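Peer 1: One-letter residues, chain by chain:
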Amino acid sequence: MLANGKLVIESSAESRFLVNREVFVSEDILKLEREKIFNRSWIYAGHSSEISKPGDFRSRLAAGRPIIFCRDTQGEVRVHINSCRHRGAMVCREREGNTRGFYCFYHGWTFNNDGTLRSVPGADSYGDKFDKSLLGLVPVPRLESYRDFWFVNFDINARPLIDDLAGAKEYIDIIVEQSPSGQMEIISGTQEYEIKANWKLLVENSVDDYHLLSTHITWMNYMSHSGVNMKRNKGALLPMQGRGKDLGNGHLVIDNPNYRGRPVAAWISIYGEDAKADIANMRAELAARLGEDRARRVADTNRNLAIFPNLVLNDGSSVTVRNFWPVAPDRIKVTAWCLGPIEETQEQRARRLHAFLTFYGPGSFATPDDVAALESAQAGYASWQEVTHNDLSRGMGKALPDQLDTDEEHIRVFWRRWSELMETQS
Amino acid sequence: MSALETSVKLRHEIEDFFFHEAELLDDWALDDWLNLLTEDASYFVPPTDKPRASHLDTLFIIADDILRLRERVLRLKDPACHVEYPPSRTRRFISNVRVNVDGDFIDARANFIVYRNRRGGDIRMFTGEYRNRLVRINGELKILERRAILDVEELGALGMVSFIL
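These protein sequence lines map, in sequence, to chains R and C. So for the first sequence, my numbering puts the first residue at 1; every next one is plus one. So for the second sequence, my numbering puts the first residue at 1; every next one is plus one.
It is worth saying that the hints were derived from the structure and are not from the lab. Among the clues, some could well be false.
[Said to hold, decoys possible] DSS-like mimics (lysine-lysine), calculated; alpha carbons at most 27 Å apart, straight line: (1) K50(C) <-> K231(R); (2) K333(R) <-> K50(C); (3) K77(C) <-> K53(R); (4) K31(R) <-> K6(R); (5) K196(R) <-> K50(C); (6) K231(R) <-> K36(R).
A quick note: this is a predicted structure, and the numbers were derived from the prediction, not measured.
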């Protein structure tokens with residue numbers, strides 16, 4: 001079974017799904033991933049709310065490239081590659097701000113916020129053929145958005161974002177429907193940290209509910225101490241079980257009944273008695289706007305959505321937007337934000353942020369233990385030549401609708417897509 | 001006592017308080033450390049891109065009220081707190097102590113370097129500033145608000161802030 005040399009091995013007959021651990025340690029594989037996955041997939045660049053006014057900009061990385069995500073003076077969203085056309089220096093070194101243009105301090109070339117080249121000191125030395133209109137900041141090959149989430153693609157021939165997102169669109173819709181006006185915003189404050197592990201482990205971990213009971217027992221204890229009902233049925237891994245689902249094109253989700261509280265809109269004791277009426281009002285607003293069935297999905301279910309390859313939207317204790325990039329086979333750069341409805345009152349916003357910090361982020365009660373688990377796995381893979389494969393067989397042999405969030409069918413969805421792209425010729 | 005003597009004496013007292021707190025934290029005497037806090041204390045680590053913001057409208061790294069802070073200590077003492085098991089060895093250096101009296105409150109600031117050591121040569125250095133608000137309760141200094149502001153632009157290779165900074 002292991003002799004065919006493939007990195008991902010699936011055998012329905014034996015109900016086994018194996019991933020060769022070389023994929024977590026190899027420089028060659030990372031090089032191939034950059035070429036075949038990151039250079040051809042839709043990569044998250046930012047959210048409309050981060051650049052709400054003309055002239056607003058954010059500088060960051062997308063698939064390793066320095067980019068400027070901005071709104072030009074005319075109000076159009078743009079993504080420029082943050083590198084001067086002359087000799088390459090970055091033309092924007094601030095994290096964020098509002099500007100009419102970008103200035104390269106090296107030799108003084110100046111660009112408008114729409115990317116066009118405005119001025120070049122001593123332009124007369126370039127002669128007659130010098131054409132400023134050809135020397136603007138280079139735009140990313142493709143820039144498209146869905147419900148205020150902006151993505152770039154470095155492959156000019158990529159299929160449209162809207163087609164690529166496939167079934168993920170509906171889950172983005174459900175997240176956005178928390179807002180009465182359908183407008184969510186990235187809340188101020190960014191969590192940026194590194195994990196000493198392979199990026200694919202973070203994809204797996206972000207949608208893995210099998211690990212909760214062992215990795216996050218201290219978080220569960222905190223919830224119990226705070227009066228949240230964390231009781232499990234005999235033999236059950238979690239207080240309530242959800243489902244893992246394939247959304248197409250490598251996107252996947254775990255779709256879970258809520259037991260852990262939701263700022264919109266399921267009260268738990270940690271929010272305090274004062275919040276009860278407020279949350280009931282939010283719940284009623286959802287039902288009036290969306291109907292009871294849809295309101296139930298928005299308010300009473302959680303979802304961890306993985307958008308292939310490197311964006312995760314976790315809509316549970318709050319909403320986190322988590323984007324990541326492998327700087328090395330064993331190192332991930334993670335950027336995470338909190339997302340919330342623009343209509344939130346001060347109290348609602350504070351409640352959302354408090355809830356977020358319990359579970360998500362580098363100072364929370366859960367993420368640090370995830371990171372410890374990933375780093376521990378990565379350390380284990382130094383033995384990849386002796387202990388050759390990871391096992392992702394949970395749930396194999398069961399019908400698709402029966403795949404639980406604690407099974408691994410949805411994680412296999414990621415690996416099948418990964419494998420398909422990695423095996424593409426040219 | 002002259003004004004100068006009063007201020008030197010107060011700074012000396014605050015410095016000793018910082019040093020005592022550092023010792024408790026480095027010794028993982030976390031229950032004793034909790035005793036230095038008021039019953040309504042809070043503990044903040046602001047985000048590295050918005051170090052001066054408020055936790056009410058900005059996503060922090062840590063923004064604990066006393067309830068969650070007590071739970072944090074319970075968690076840190078539990079071997080199932082995997083990221084801190086075995087516990088990190090930490091060593092704090094505290095300097096540049098500045099004190100400002102504001103009515104019943106004492107605003108105490110200090111620079112810090114915290115080294116965090118784990119197996120495998122994993123040494124991380126956290127530098128920044130403590131901005132603490134202290135009060136006297138029955139004559140004893142207590143921490144009402146504790147804010148550890150990091151200098152780094154992003155956490156980056158520092159990774160998690162999983163011990164009490």
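Peer 1: Hint by hint, work out which the structure violates, then give me just those numbers in ascending order.
Peer 2: Structure breaks hints 1, 3 and 6.
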